[in-house]
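Asker: These are the residues of each chain, in order.
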Amino acid sequence: METIKGRNNIGVKADVKHKNRNIFTLKNIVITLLLVYFAVFLIYPIGMAFVGSFYNWNPLNGTFDFNGIKNYIDVLGDKLFWTSMSNTMIFSIIVIVCRILVGLLLALALFSKLARFKTAFRTIYYMPTITPLVAVSFVWVWLYNPQFGLINDLLGVDINWLKNKDTALGSVMFMTTWKDFGYATIIYLASLMSLPDDCFEAADIDGASGWNKFWYITWPLLKPTTILVAVTSLITYLQSYIQILVMTQGGPGTSTYTISYLIFDEAFVNYKFGTASAMSVILFIFISLLTLISFKLTKERS
Amino acid sequence: MMKKLLSSFLVLSMIFVLAACSGGDKSVSGLKKDDKPDKGMKVIGDHVKFDPNKLVNDGKPISIELWTWFGKEVFQKQADEYQKIYPNVKIKVVNQPWEDYWKKLPLQLKGKDGPAMFNVHNSYHSNIINFMAPYDIPVDALNQDYIGVQPHVIDNKVYYFDYGINTGMFYYNKDMWKEAGLTDADIPTTWDQFRQVAKKLTKRDADGKLVQAGFNLNGDGYKAMIAGLGYQKGELLFKEDGKTVNFDNPTTVENTQMLLDLYNKDKVGSPDFGDDSTKSFGNGQTAMVYKWGWMQGELKNNYPKIQWGVFRTPTPTNDVPFAYDRYNGESTPGINKNAAKEQQAVAQDFLKFMLAGNDFVKDFSFATGTFPAKKSLANDPDVLANPTNKIIAPNIERYIWPGAFPSAIETVSDKVFQDIFYNKVNIKDAIKSGQEQMEKDMSNSDFTSVESKYKFFSER
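Just so you know, the protein sequences line up as chains A and B, in that order.
Counting in this note's numbering, the first sequence runs without a single skipped number right up to 302 at its last residue.
Counting in this note's numbering, the second sequence runs without a single skipped number right up to 762 at its last residue.
Extracted from the complex, chain A is given alone in its bound form (with noise of 0.2 Å):
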């Protein structure tokens, strides 16, 4: 019996040993990464900036009262809130539009049969997209410079773009756009490559003529993909605060204020970040408000 109990143990054992060994698996390493990545740094800020929405609370000097929805009053009752808010809605909707119709000509233009180096403009289009955003902000405020930029010199204006409040917000989505148009033109392009040719074939023998291919055609098997364009646009627009931190820090005045800016201001120049995590809160039921539209409209028309 003893020799028995002593096999089923060394057995046991072997088991656990093998058990134990099988938890370090590559697969469950990444896995817990990845939970305690999400954990630390997404839902704990989540859930933090939910609560803290709810409190006059600064962690710099471990200010942290209960104050109930006094914050979402005073945010909703602020005007400087809903010009951002404005501001916000204009910028991204002007880019996004900016985006698509030049990423869609460029990509139109590369596909095109006639188009050559092809390779060369794909890179060249996509450069901007991958430099960060920060130094291409600084390069950006160097060309709109009233008195040596390049802008003024080539259009042979006198304007101070930045500081003007008709042309400051522009000039910032203006940059936008042409920083990111690449990733428009990149996702197009692969859309246009995937296309099935046999309707091209039948539009031919139709004798159809090219706009009419692009306007019945293509156009509406692009769809989807503009969607996912817009869509991706829409949540990364939302949340702009670098280049208006860089360009033109929310000036002239509080004219290209958008809503991160406001939030980053909130919490980090006036230390407020109840205020600025109630700010958080409702642009995060706006941003998911607008996916979740975005994605029933994608699922009816699909």
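Any given hint might turn out to be false.
Cut-off 16 Å, straight-line C-alpha distance, at most; resulting in silico cross-link-like pairs (EDC-like, lysine to aspartate or glutamate) [stated by the list, open to error]: (1) K742/B - D206/A; (2) K79/A - E741/B; (3) K341/B - D353/B; (4) K730/B - D522/B; (5) K726/B - D166/A; (6) K379/B - E738/B; (7) K639/B - D651/B; (8) K692/B - D486/B; (9) K757/B - E699/B; (10) K742/B - D550/B; (11) K545/B - D748/B; (12) K525/B - D577/B; (13) K545/B - E741/B; (14) K511/B - D153/A; (15) K535/B - E556/B; (16) K79/A - E738/B; (17) K511/B - D158/A; (18) K654/B - D442/B; (19) K165/A - D574/B; (20) K581/B - D651/B; (21) K541/B - D748/B; (22) K742/B - D74/A; (23) K677/B - D348/B.
Some residues of chain A that are not near chain B, with every Cβ distance over 10 Å (derived) [unchecked claim]: (24) L60; (25) I93; (26) I94; (27) M127; (28) T131; (29) D153; (30) D204; (31) T232; (32) V269; (33) Y271.
These are calculated hints, taken from the structure and not from any lab test.
By construction, the Cβ of each residue, glycine as well, lies at the ideal position given by its N, Cα and C atoms.
Since the structure of chain A is already known, use the hints to place chain B on it.
Answerer: What follows is chain B alone, placed relative to chain A:
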């Protein structure tokens, strides 16, 4: 095999990442044990005293960090001198950019790995005071050696005070001055004289395009000036309760109009010419700018070719005003109450070393363009020979300190400037809106003005 290697690599990476996230460099490698209490050195200082003849941390090796955003070399020089006396001590001076400093520092001070010592700016008082240990120096001794300590006393303890007085003044380009046919006799003392001089220093090309500004306040000029100009006419920056900012008043409107007229009527500058007045002056495009003492270091380090001079801020008339301008102090370092007791003890001793002698205060006053608050330096020939000190010294009592007010006042003033000068908003509307924003941003502040402690307060 490959999977095992990858797993091991990931686990190791994780360990390295976690290790990298741990506290700062507290290494004591290379430090010697000190077993000689008698250094054979004299005790330094008049009332704040430093006795070098002792062991620090019982002679055992110890390392502390000192954080600053400015003047690393001045702190480093003191640290090197101190380490010569105590070979068992290492003081690591860490420079952090200003933009990061006030976010990182309070968060670090909350934990146990924060720096034992750190440079202080009084506008961030409320964010750091809860993490500071009081000085291990009698308040009386500090009062006897330094002016202006009393407003910093909290419950008979001092956590930091100002070792130097800093204020605004006008910097002018000497070459442009000479080229315009101006001499020392033309240094303006009133605003009317200033306008005339600025006009002479302004240059335009054949098309009427501005090529040299007589005066430039773009960037930080307005926000630096407007908080001080009201005092010339007896207008305080805070209302009677000492807590509500007094920005929206006829004096601010009048002073803002005067500055706007310099651009619009006298045409001595433009919001679109040299949008950073510091750089514009440094690059030889602007003849006069209003800056505080720090500009001296900026010109020395970044624009050494510019020949510059300074003059006192002009006043409405030649009569002595209620105050020429406001001043603010450059603060002494703070000590982290959450640091280890041994580290705090070293920090307290190093602080005595810096404050008892004259070298630190003198070097730092030159680096920051401040007038030293140490009484023993009041008549120091080097101090008095310094250009900015020469301007401050004769009227030092006629500068008022409103207290370490929150940075919201300057931040909002900058928005007001942009609204008026760039967005063409009516002055009264912009200032009214600025008042509302300042009150909103300061709603959580526990600041109280000390204007009533000004020596000539009753003259209003």
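Asker: So which of the earlier hints does this model not fit?
Answerer: 1, 4, 6, 20, 24, 32, 33
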